[in-house]
Amino acid sequence: MTRGLTRHFTSRKQTVEAVQGLDLEIGQGELVAFLGPNGAGKSTTLRMLTTLIAPTSGSASVAGHDVVTSQRDVRRAIGFVGQGNGAGHRQLGRDELISQGRAHGLARADARRRAAELIEDLDLAAVADRKVSSLSGGQRRRLDIAMGLVHLPRVLFLDEPSTGLDPQNRANLQELIRRLHAESGSTVVLTTHYLEEADALAGRVVVVDHGRVIADDTATRLKSGLGDLVRLGFGSPGDSARAAARLERVPEARVEVDGQSVDLRVKDGSAMVGELLADLAADGVPPTRVEVARPTLDDVFLDLTGRSLRETQQSPTTDADAPSAPTESEVAA
Amino acid sequence: MSTFVTDTLNVMNRELKPVWREPMAVVFAMIQPLVFLCLFAPLLPEMADGSALQWFVPGIVAMTALMGASFTGANLMEEMQSGSHERQLVSPLGRPALLVGRALKEVVPMLMQVAIIVAVVTPFAFDLHLGGVLAAAVILSVFSIGVGALSFALALASKGEDWMFWTVQQTLLFPTLLTAGVLLPVDDAPRWLEVVSMLNPMTYVVDAVRALFAGTFPVDVVLQGVLGAGVVAALGLWVGVRAMRRSS
Chain A
1 MTRGLTRHFT SRKQTVEAVQ GLDLEIGQGE LVAFLGPNGA GKSTTLRMLT TLIAPTSGSA
61 SVAGHDVVTS QRDVRRAIGF VGQGNGAGHR QLGRDELISQ GRAHGLARAD ARRRAAELIE
121 DLDLAAVADR KVSSLSGGQR RRLDIAMGLV HLPRVLFLDE PSTGLDPQNR ANLQELIRRL
181 HAESGSTVVL TTHYLEEADA LAGRVVVVDH GRVIADDTAT RLKSGLGDLV RLGFGSPGDS
241 ARAAARLERV PEARVEVDGQ SVDLRVKDGS AMVGELLADL AADGVPPTRV EVARPTLDDV
301 FLDLTGRSLR ETQQSPTTDA DAPSAPTESE VAA
Chain B
1 MSTFVTDTLN VMNRELKPVW REPMAVVFAM IQPLVFLCLF APLLPEMADG SALQWFVPGI
61 VAMTALMGAS FTGANLMEEM QSGSHERQLV SPLGRPALLV GRALKEVVPM LMQVAIIVAV
121 VTPFAFDLHL GGVLAAAVIL SVFSIGVGAL SFALALASKG EDWMFWTVQQ TLLFPTLLTA
181 GVLLPVDDAP RWLEVVSMLN PMTYVVDAVR ALFAGTFPVD VVLQGVLGAG VVAALGLWVG
241 VRAMRRSS
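For the protein sequence lines, the chains are A and B, in the order given.
The first sequence lines up with residues 1 to 333 when you count with my numbering.
The second sequence lines up with residues 1 to 248 when you count with my numbering.
Accuracy of the hints is not assured; some may be wrong.
Here are the simulated EDC-like pairs of lysine to aspartate or glutamate, each with C-alpha atoms no more than 20 Å apart in a straight line [said to hold, decoys possible]:
hint : chain 1 : residue 1 : chain 2 : residue 2
1    : A       : Lys267    : A       : Asp298
2    : A       : Lys267    : A       : Glu252
3    : A       : Lys131    : B       : Glu22
4    : A       : Lys131    : B       : Asp207
5    : A       : Lys223    : A       : Asp263
6    : A       : Lys267    : A       : Asp199
7    : B       : Lys17     : A       : Asp110
8    : B       : Lys159    : B       : Asp220
9    : A       : Lys223    : A       : Asp129
10   : A       : Lys267    : A       : Asp303
11   : B       : Lys17     : A       : Asp129
12   : A       : Lys223    : A       : Asp110
Only some residues are given here: those of chain A computed to face chain B with a beta carbon under 7 Å [claimed, not checked]:
hint : residue
13   : Thr50
14   : Gly82
15   : Ala87
16   : Arg242
Footprint (simulated), chain B over chain A, 3 or more residues, beta carbon under 8 Å [what the hints assert, rightly or not]:
hint : region
17   : 26 to 34
18   : 280 to 290
Derived by calculation from the structure, the hints in this document are not laboratory data.
Just so you know, even glycine gets a beta-carbon here, dropped at the ideal spot from N, CA and C.
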């Protein structure tokens, strides 16, 4: 369990190029989010790491086991919460937890005890003895996560765990994942296209686009690299032009004028606001309005790709979601 | 090998849980054969060698086995669509066990259904030969495992497309039933139909089950029945395991 986990991942998908030559190393105990728009290759990557599909080329190892040559060892070491429902709809929640425990080699009594523990821990007591099909979306998700945890996996993979949940359930789920990660010390790898989720949850954010890693760091560092946005409003376009000229002197700042407002993007901008305002007032162009915005991961994505992640979410491109299906059939054939 | 056995038992036990919990579902699943039994039985002509029911019931029993097992792929299809099949693929359960455990499970509802049919018809003009019925149940078990495996293979090949599964299943179901002589004897059939019937392994299963239900034990007929069921089982498991290995 405590042995350092190293994961190398190199893969080249020539045909659909869902994932192109990804190199990644994740240490034991990290909580990593793959962030990217639909069709970026997040799920395809996860499906390769969980042995569902084989890489076209390149290799990957999870918990020290190769995902192609030691599939069973990988499967023993990982928990997997897919995009759908892991629990069979005709089954009872508790039965599924027990079956999953048995599948992982627990003795009958141990599987029962472990199921009871998880039911208690994930607040499933009220629904565990009901048919899975009668559970709400949030309850099913918790049950799925419980199933992924039955064998205390060294690595837990979650594929878009909060998709389809309402904001309340999403917040609860994030809290649950954070807590489980802190308590278990397992490595947690999840995919998401929710910026807030990656931001709130993960210690490390791997931004994926077009099958490539385009950024890989903590959310804080990714954002601080970008700088804060200071938006200043002025009485007239003349004032804003004059203020902009003055603001150009701020080191490493990017200044944009738009009519009566000036956008200043600069590192630690929030800390300089007082000074900036005093300086502009002294110059005779006191701003009439000030807004300071911390950068979001969307700004990071926009900066890296020139596209907003929110836009790509709203208008999924035609090739979105395509990668995982063709890859699948291609590998199957 | 022991892993395979353990895995298979785990898969089978999981599949059986809904059966034990809701045994009535097994009855609902056999509505069609029961309707056939109720509607056809009064139309059957009197036969020289005894009750027509004696000839017809074994056919209905075989039909129930075929229908139940051929529908079963729909359960896997549902799990493919919901995501629980995927979850099992990522578990340490071996691919062959995922198929074989499911196919073995088919024996249980099939035996329950045979028991129900026999219980229903025994008060009427039907002589119960318990030994024969039990021997027939063994042949039908092997047959059910094979048909179940084929149905799972079809579900896997359909990749979660319902229409594909049902189109193929329905297209094959009735020709298989009819050419096996389940509803009507094929003895006086034209040559081509006779050939089709001879190529249908279910024909031999039905013949053997009829002989055994009648309390007779013609060794050649019974052996052919065992062989027919065995061919279906071997083919089904081979195709099914292959399909499951490719599943992702």
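Checked hints:
1. A/Lys267 x A/Asp298: Satisfied, since the Cα-Cα distance of roughly 17 Å is no more than 20 Å.
2. A/Lys267 x A/Glu252: holds (8 Å)
3. A/Lys131 x B/Glu22: holds (11 Å)
4. A/Lys131 x B/Asp207: With a Cα-Cα distance of about 41 Å, the restraint between A/Lys131 and B/Asp207 is violated, given a limit of 20 Å.
5. A/Lys223 x A/Asp263: The hint holds at about 17 Å.
6. A/Lys267 x A/Asp199: Holds, at about 19 Å.
7. B/Lys17 x A/Asp110: At roughly 19 Å apart (the allowed maximum being 20 Å), A/Asp110 and B/Lys17 satisfy the hint.
8. B/Lys159 x B/Asp220: Measuring from Cα to Cα gives roughly 41 Å; hence the hint is violated.
9. A/Lys223 x A/Asp129: violated (45 Å)
10. A/Lys267 x A/Asp303: holds (14 Å)
11. B/Lys17 x A/Asp129: holds (13 Å)
12. A/Lys223 x A/Asp110: Outside the cut-off at roughly 46 Å; violated.
13. Thr50: At about 5 Å, which falls below the 7 Å cut-off, the nearest Cβ of chain B leaves the hint on A/Thr50 intact, so it holds.
14. Gly82: Where the cut-off is 7 Å and the nearest Cβ of chain B is about 5 Å from A/Gly82, the hint holds.
15. Ala87: Result: holds, 6 Å to nearest chain B Cβ.
16. Arg242: violated (60 Å)
17. 26 to 34: violated (count 0)
18. 280 to 290: violated (count 0)
This entry does not satisfy hints 4, 8, 9, 12, 16, 17 and 18, going by the numbered hints stated previously.
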